[in-house]
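A.B. asks: Those protein sequence lines, which keep their order, are chains L, Z and E.
Residue numbers for the first sequence, in the numbering used here: 2 to 288.
Residue numbers for the second sequence, in the numbering used here: 2 to 276.
Residue numbers for the third sequence, in the numbering used here: 420 to 680.
Among the hints, erroneous ones may be present.
Every beta carbon over 10 Å from chain L, so not counted as near; a handful from chain Z, in silico [to be verified]:
(1) Val28
(2) Leu62
(3) Gly219
(4) Leu248
Derived coverage of chain E by chain Z (criterion: at least 3 residues anywhere in the stretch with Cβ under 8 Å from a Cβ of chain Z; other residues may be distant) [to be verified]:
(5) 590 to 601
(6) 611 to 620
It is worth saying that the hints were derived from the structure and are not from the lab.
Cβ coordinates follow ideal geometry from the N, Cα and C atoms, glycine included.
Listed below are the residues making up each chain.
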Amino acid sequence: MISVRHLTFAYPLTSTASLWDVSFDVPAGQFCAVVGPNRAGKSTLCYALSGFIPHFYRGEISGEVVVADMVVAATPLAALVGKVGLVFQNPFNQITGARMTVRGEVAFGMENLGVPREDMLIRVNEALEMVGLSGLADRSPAQLSGGQQQRLALASVLVLRPQVLILDEPTSQLDPLGTREVFTVLARLVEAGGTTVILVEHKLEWVGAFADRVIALAGGQIIADAPPRDVLNSPEAAAAGVGQTRYTQAARRARESALSTAAGALPVTLEQAVRFFSSRSVDEHIA
Amino acid sequence: MNISLEHVSFNYPAGVQALSDVSLDIVAGESVAIIGENGAGKTTLARHLNGLLRPSSGRVLIGETDTRTLTVARLASRVGYVFQNPDDQLFERTVAAEVGFGPRNLGLPASDAKFAIQNALERVGLADEANSHPYDLHVSQRKLVALAAALAMTTPIVVLDEPTTGQDAEGVERLGQIVDSLKADHRTMITITHDIDFCAEHFERVVVMAAGRILVDGPAAHTLAQAAALAQAEVEPPQMIRLARALKLDASPLTVNEFIEVWRSNRTSTRSADS
Amino acid sequence: MTSSFSLYAPRASRYHDLHPLTKLAISAAIMIAGAGLGGVWPAFAVFFAVALPLAIWGKVAISLLRAVWPIALPFAISLFLIRGFIWPGGTIIATLGPISLKAEGLEFALAALGRIVAMVSAFLLLSLTTAPDALMLALTERGFPPMIAYIVLTTIQIVPRFQARAATILDAQRSRGLETEGWLPRRLRALLPLVTPLILSSLVDVEERAIALEARAFSRVGVKTSLLVLRDTPFQRTARWLIVVILAAVMGLRFVPGIAP
């Protein structure tokens, strides 16, 4: 579904590349998380996958990005947006404000793409259903809470039925309830199958729980690309600024102090941590 | 300088009751975290601390002064308020000038101001960026500039509104160190935060709010263990408390180290019980 | 959470059901007639005989009066005081100590007030009964540039948030010790820390919003469809042309020397 080959990109008037020789493939239907410290190039990667680099942000680019069988650099943005959806941090700025109702806002993209009206009516209801905003269809977008606005932005993108959904820290400005709402929608989406999801996130517990695969980015380069359990607890990733859940930190501390000889990868999620700390392991050092 | 909220209620002009009979006493040097979902009244409460909002009923005392008797600008010498969005305040051409804005307004003598600015920049780790244009920095760094700008005012009380949003792992750790260093300086720290683990690791006292009221107010270990109250406030307990609970350990560890201690002593006792 | 700037008040009324351009034509006619016709009474006549009855039909009369009143009253008072009493020469109709009320001044004040009331009520009649997106759709269907229509609609929804942000910036700078009250030089010095963040952060916002717009294929070239369906009738179409013609005729007459003051 996604193929990136030796992608290197530098914004205009900068001396360092934001992305350097990045290569990876993502098969259809995979939930791939992208983690890493700030300024690692995660947002730049999101723009490169959705076509905003190079069509909106000029700069020095080399390498190739192919998404849904389209060469991104050679395909106009209007053709890409039907296949690749982009959701970013600030909920308010993603609501175009082109229409006065939630329903109108969701339909706006389809109107621009010339979708017949009968289809629009059905798809708007489906999209609102999927994000749990069905009851608010006639509300003004400006009256929604932050979490609701982010779900509206998501619905407006989902309604275009993208094959690839790219989310750049979609929950960073939301409270815990709003975060849970967004992740619930993502989980539902992944379960329904089909959509390839690329999610940039700092909230590693959620990443550990949802992602099939984690790509760690630091200094514009991929430093790890593996299932969550192998990336989110790796010392190299931690040294590069990826961060770890407290569960991982606790398990590492226990292992380092020889308090636990439980085998296997360090835990990332609560369930994994429970198993780790419950395991009957031999340690004569205590007692 | 103590803080006292006495039976504070507040209605927004549109009629929304944002605070209902809230009473809170904070002693100088305490570190307090206020948690709860959006709309619970956390920001409304925080804004009463530096006079941005005046109670509809009740009163707020900073030191012995009723906030109604001083303008916000005058209260700024006692309470440094760090807003959530740095872009709501940045306007100077260099980081140093920006950080110096507060001290200049407070009338600090030039040499004191210079020292305060340098100190603040070092504390947030941006001493090297003193001559950079704030907008050349990443937004997470701009947040640190805004923090430095408030710290440079050397107020006895500091209010932080969602300091960790948008920060990466290193940024959150740096913030933790900053909070700890401010505690060591006996500054009173009040923070609004959604990051419950950050809250557990750096704040002695936690206030849980919902629907304009305080649900629970007490030491962190005690408050964060109140599962029902946290659920009502739409807040998840910290990871270590969740883990302890899942492992049926009778404790509320606030940090990784505390958890290890609890787990270790539990295994020791069960092992002794077994043998 | 801020509400949008739109005055639109949905009602189950036949006036609401009219095509947006019909309502636009009617309001334009009221505005032009109210402003263009000379004398004291034509403007008030337009208000009482045309605008108000239509507002009643549209079930928005109370909202309209409630909105006109706070605008009209200050104007009325200042016009009355300034023009009514300060008129060189002229016919005195009443005396209040050293100052006297002049008939010409009163006439002028009333005429000006009438014009203001007519124009404001025309604008309110349109805003209260027409959803902004319906109006923009009607215009873009007839060739109005979509970008301008978009700007109008998005501005309506953004302005309250802009105002909220300006208030937040004011709070943030006050919290850093900025005094905003007091004598003028101090207030002027306070401008830069208040205006600069507003402009800078708006620039950041504009970029993100532009991306959001692109992500919805706004600049796609091709046939666009619409969720909203506007109902028009031959009667309304004819009526609109008639309004334009009558208005042109009346205005033409107005400017022919010799007829009407």
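A.B. asks: Which of the listed hints are not met by the structure?
C.D. replies: Result: hint 4 breaks, nothing else.
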